Amino acid sequence: MGLVPKTDIGKVDAIVDRYGADASSLLAILQDLQDEARYLPREALDRVVERLGVPLARIYAMATFFQSFHLKPRGEHIFTVCVGTACHVRGAKRLVEQLERDLKIPSGATTADLKFTLEEVNCVGACALGPLVIINGEYNGSMTSGRLTKIAERLAKGEVKE
Amino acid sequence: MRFATVRDLETRSERMAAADAHVRRRVLVCSGTGCAAGGALDLYEKLVAQCRKVKLEVEVELAPCGEAKEPLYAAVTGCQGLCQMGPLVQILPDDILYTHVTPDKAKDVVAKTLVGGEVIEKLLYKDPESGKRISKRDEIPFYKGQRFIALEGCGRVQATSLDAYIARGGFSSLIKALGMKPEAVISEVEKSGLRGRGGGGFPTGRKWRSCVEAEGEERFVICNGDEGDPGAFMDCCIMEGDPFRVLEGMMIAAHAVGAKRGFIYVRHEYPRAVERLQKAIADCRETGLLGERILGSGLSFDVRLSRGGGAFVCGESTALMRSIEGNVGEPRAKYVRSVQKGLYDKPTVLNNVETFACVPAVIREGGEWLAKIGTKRSPGTKAFCLVGKVRNTGLIEVPMGTTLRSVIYGIGGGIIDGRPFKAVQTGGPSGGCLPESALDLPVDFDALIGAGSMMGSGGMIIMDDRTCMVDVAKYFLHFLLEESCGKCVPCREGIFQLHAMLEAMSTGRSQAGDLEKVRRLAEDIAASSLCGLGKSAPNPVLSTLRYFEAEYRAHIENHKCPAGVCRELTTFQIDKDKCTGCMVCVKACPPEAITGEKKKPHAIDEAKCTRCGACRTVCGYDAVQTR
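Just so you know, the sequences run in chain order C and W.
Per the working numbering, the first sequence runs over residues 1 to 162.
Per the working numbering, the second sequence runs over residues 1 to 627.
Keep in mind that the hints were calculated from the coordinates and are not lab data.
Please read all numbers here as calculations on a predicted model, not as lab measurements.
One thing to keep in mind: the hints can contain errors.
Claimed, not checked - Distance condition first, Cα-Cα at most 27 Å in a straight line; then the derived BS3-like pairs of lysine-lysine:
| id | chain 1 | residue 1 | chain 2 | residue 2 |
| --- | --- | --- | --- | --- |
| 1 | W | Lys608 | C | Lys104 |
| 2 | W | Lys587 | C | Lys150 |
| 3 | W | Lys181 | W | Lys346 |
| 4 | W | Lys587 | C | Lys104 |
Isolated chain C, as found in the complex (with noise of 0.2 Å):
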């Protein structure tokens, strides 16, 4: 098996259907295409275009306008630095720098055997904790760059969490 898993059609067919092949639910519906793949496969899209009958570029228009969605296959583990305003005076911005160090990869981007990505994001409103960072959807509170170095160790040697 390959890195990145192949799409399952049918499970495609059945989002688009959860909206009755519906075009004006088409940002639902991508939404849950990505909640299945953690981004969103081209086969995926191209089977969105046959069910609603849209144009490509359209769904393009919307994924890469909407932040939320991704064109790139991302990591199994994946950082969130928020990076809100609350954050960033609270030095959110070295927790980012720290995660690029440990992980060999610049914001944004996944490492090459898709273990690990690394994303911003700009306020997930649990500002009162900053910073901040999510790990693999958990929100984790006054982040230090060592404790965040330890949790990637861990991740990395394939330890779970706690």
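We have chain C already, so just place chain W on it with the hints.
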């Protein structure tokens, strides 16, 4: 269970109110974003499991019960406010607020307090001045001076339970509104003087009236839950903590303007808000509170939830409507207002979450009641998120007219580590930074605009002397640069240039005269952009220039960053007299540029130093100096 008539709902409400009154003791676990990140949901599970283990009977839902039964009731609530001290647990009627209740403390809380009736001292709030422990919530300085209207139920009732909501009078305002003519409902909202809490401050009643007067067969009600301002999470807390209240506000609006369909547009970064609202919508549909002929009245109304896609501009009303229609969220020029031609070009009322959350109280208590709270031109209260370098971070609600000083020093407890206050940022990327001289300003729509900032949705970010104003302005421009939709030139290209000019300042590449160029370009962008995002984009620059021009000049003329933030303009060194040799900075330095032994002064290797400032943040002796 289905409420076919008003009487059906009232009967159920009475039963639930009786059940609520019979609760012997209630344990309320906060599940706001902060507390949840600290493990509050896990804590709740553990508390319930522990109760059951020690054979202490516990109810997890408010349920009608017989006279004899006086249950212990444990529930998850929305944000209780003092996020800094989370996870929070409130125990009533004992009136105990426990702080920092990590999941491992569940056993203790059950054994000592719930079974033993004893107060656990070390979980109580500790007053930083006197060192005294405070057990009652309302005696903690953070909660003094607050008044809750929009946040009335948030943090007090089980967030996901319709029964818990109606037990405390939920939907009684809807019943009252349904008994009034739509015209009377609008008058009441007009009388209250309620202004839009999303930032613009447009009078809500007038907006509703314009919608009614607009021509068209079909009308829509939209709730804007796309709270995109970084540093603001009030609406998130309301949607998570009191979702039924938001729906009730929308239903009242639907009755007032004659809408059959409504939409709530929620940011995708708020998954829990999406989940709880969806459950609340489903519960309302199932019980007939949404759907055809609600409570047997003439009102037929349904609400659909749309998830955003992570675009700041979609908080702008016309962009948000395009997005709901299934298009890319680009705004349009507002020659024709959206109350006349909004969603699908039909008359549309769009208010934000907090505004809708105020509506049930306005109907229940009457417009005049709200008009008496706050200031004359900004009646009522406003929710804020107090964050940044302030001691007590959290969610607050204060009457309009409260001064910034009492918010920051009274409720917020002052600046972290007792450092000097430098600025407070309000209004998000559209707002501005206000200096110490503005601290006595009352919080009010017009006062803040007059001072060069704006109310915005309610983020309040406190900054100390180690925050660089050029860096802050650059931060917001970078944010807007990424978020500009690109449709109009002044915003797309102007912000790009403005950002490049500030980048030059912060890296020592700017020249004399740049300040004037920045000012002129900023004014041009404000004058010629298509939508609110572009029009207000220069505000962070203009407001910091207004109050902190000397700091800009230091960057340009002396190539110095007085706050020690802009890396190219700063070098760090350790003051040998102040350093105690505690090794904390040695461990915290990411590039391992600090050397030294225990109890001997440390030193920074300038060649290795990346000037990130981590050492300065961790040093407890103020020994790290900037040059």
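| request: Starting from the hint list further up, note which numbers the structure goes against and sort them upward. | output: none
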